[in-house]
Amino acid sequence: MVLDWQPLLLTFKLASVTTAILFCMGVPFAWWLANTRIRIKPAIEALVAMPLVLPPSVLGFYLLLAFSPERWFGHWLDRVTGIRLAFSFEGLVIASVIFSFPFLVHPVQAAFQNLPRPLTDAARILGKSDWQIFTRVLLPNIKPALLSGTILAFAHTLGEFGVVLMIGGNLPHETRVASIAIYDEVEALNYAAANFYAGVLFALSFFILLLVYILNRKAQP
Amino acid sequence: MMHALIQKQLQGAEGAFMLDVSLEVASGEIVALFGASGAGKTTALRCIAGLDVPENGRITFGDECWFDGTKHVCQSPQVRHVGYMFQDYALFPNMTVRGNLEFALRKSDDPRYIEELLQLMQLAELQHRKPDTLSGGQKQRVALARTLASQPKLLLLDEPLSALDAAIRSQLQDELLRLQRHFGVTTILVSHDVGEVYKLASRVYVIESGRITRQGSPTEVFSQGKTNGKFRFAGEVLAIEAMDVMFALTVLVGNQIVRVTATHEEAAQLKTGDDVMLVSKAFNPMVMRLEAGESPLKQ
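First to last, the protein sequences are chains Z and Y. For the first sequence, our numbering begins at 1 and goes up steadily by one. For the second sequence, our numbering begins at 1001 and goes up steadily by one.
Simulated from the structure, these hints should not be mistaken for laboratory data. Don't take each hint at face value.
Lysine-lysine pairs mimicking DSBU-like chemistry, simulated, CA-CA at most 30 Å apart [as the list claims (entries may be wrong)]:
#1 Y/1230 with Y/1281
#2 Y/1281 with Y/1271
#3 Y/1130 with Y/1107
#4 Y/1071 with Y/1130
#5 Z/143 with Y/1153
#6 Y/1281 with Z/143
#7 Y/1281 with Y/1153
#8 Y/1153 with Z/218
#9 Y/1153 with Y/1130
Please read these numbers as outputs of a predicted model, since none were measured by experiment.
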């Protein structure tokens, strides 16, 4: 039996790209959320947490509608940039970023909130700019949360199924990630291949979570 | 010369009250803000540093205007270049002792200054340790060293020694005074400890519920302003020497070191480091008129 590595590679590519984007967007967002006094903060927090409770198919359904070239957003995007998000890798990335957002934002936001307020004050007194304070005082002091948030977001993207199925379908090399491949192989009664993909995901997920817990234990004095 | 007029609405335990204080600090002087917690001392200090913004008032340092409520001037703390020592020290946990000091340097500063400070504050041995591994007294020294590393124009100390026990406290008060004299930096100290104010400050403002109720030298303020025929000075014994029939005590009174005589019985009860009250009859003092500008009270 020839094993097709493509779905696994695609899964990693999706998880890596998603995590990179999430990190760049999610960390500043978490910092803003930790410090803002805006009145609609609870509403924003609820929106961020939605993917935790929403069936993935609900999110996938609305994204599919939004991405469809028949609708105004998809149509506009197609006309202006030539990008089609439905049934494409780019669409999967956007959906995954939304779907894994709380896994990164929650621990990082909590860590920012737990930092003693005088640390920022002390750095401002010492003449440091907001950027210097962010990169040299705040980020280094929430390293454990950054690590566990990033790893969890990565692991969560690996295991995504519902959203991918809704908006990505099952196109080899484009949207056929490992979780979809398992479903597909089982439908074709090809249990050996399904077992291969499932086994890899199973072991990987375990080791990633193990890593998170080891890191958390180290971070505690 | 620093002048601050600060007005700001505060929330206290018994409802809202107005912080409304006017402070003047001559250059090189140590002034204390004294009062119970919640009186608005720390807020006044934070307003001077630029960490809090007054609703109204005016804060000037030399010829710089840091805050002016009517002209909508409010400089950021980064620009004001003060030194601020926080009650809980606020050392950066991710940096070593040395890293904390180096972080305080500005671009144009000479890095060799760090070596000097580490030596001066006896921190050379600890320089590669992280703040979490230090004792309270050590953290306090690091925090003070970091504050001095930024070479501030004005030093603001928010109950710098309140978390320490009496012995270390007394030792660090000496150190603080020594360093303040060494650098000659204008200092405002927040404290609710009468002894500390006596020892460190040349003038004190008593703040109650946001208002200054008394001001003057610590002796004037704490003796309740009652006039009597005696001088009273609280001080600390620095040395006891036996003379022919008497003893000579060297006593640190506020910022001044004075030598007084003591009888054998008095000296026998004392050892260096003791806090004492010097009382002297004021029936025959020399009175000299000061020329304008010489008066320590009107600078």
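Each hint, compared with the structure:
The straight-line distance between the Cα atoms of residue 1230 of chain Y and residue 1281 of chain Y is roughly 4 Å, inside the 30 Å bound, and the hint therefore holds. A distance of roughly 24 Å separates the Cα atoms of residue 1281 of chain Y and residue 1271 of chain Y; the hinted pair therefore holds under the 30 Å criterion. Pair hint residue 1130 of chain Y plus residue 1107 of chain Y holds up; C-alpha atoms about 24 Å apart against a cutoff of 30 Å. About 44 Å separates the Cα atoms of residue 1071 of chain Y and residue 1130 of chain Y, which puts this hinted pair outside 30 Å; it is violated.
Straight-line distance between C-alpha atoms of residue 143 of chain Z and residue 1153 of chain Y comes to about 34 Å, which puts the hinted pair past the 30 Å bound. Taken as a hint, the residue 1281 of chain Y and residue 143 of chain Z pair is broken in the structure, with Cα atoms around 65 Å apart against an allowance of 30 Å. As the CA atoms of residue 1281 of chain Y and residue 1153 of chain Y are separated by approximately 40 Å, the hinted pair breaks the 30 Å bound. With a CA separation close to 42 Å, the supplied pair residue 1153 of chain Y and residue 218 of chain Z exceeds the 30 Å bound.
A distance of roughly 28 Å separates the Cα atoms of residue 1153 of chain Y and residue 1130 of chain Y; the hinted pair therefore holds under the 30 Å criterion.
Taken one by one, the earlier hints fail for this structure at numbers 4, 5, 6, 7 and 8, listed in ascending order.
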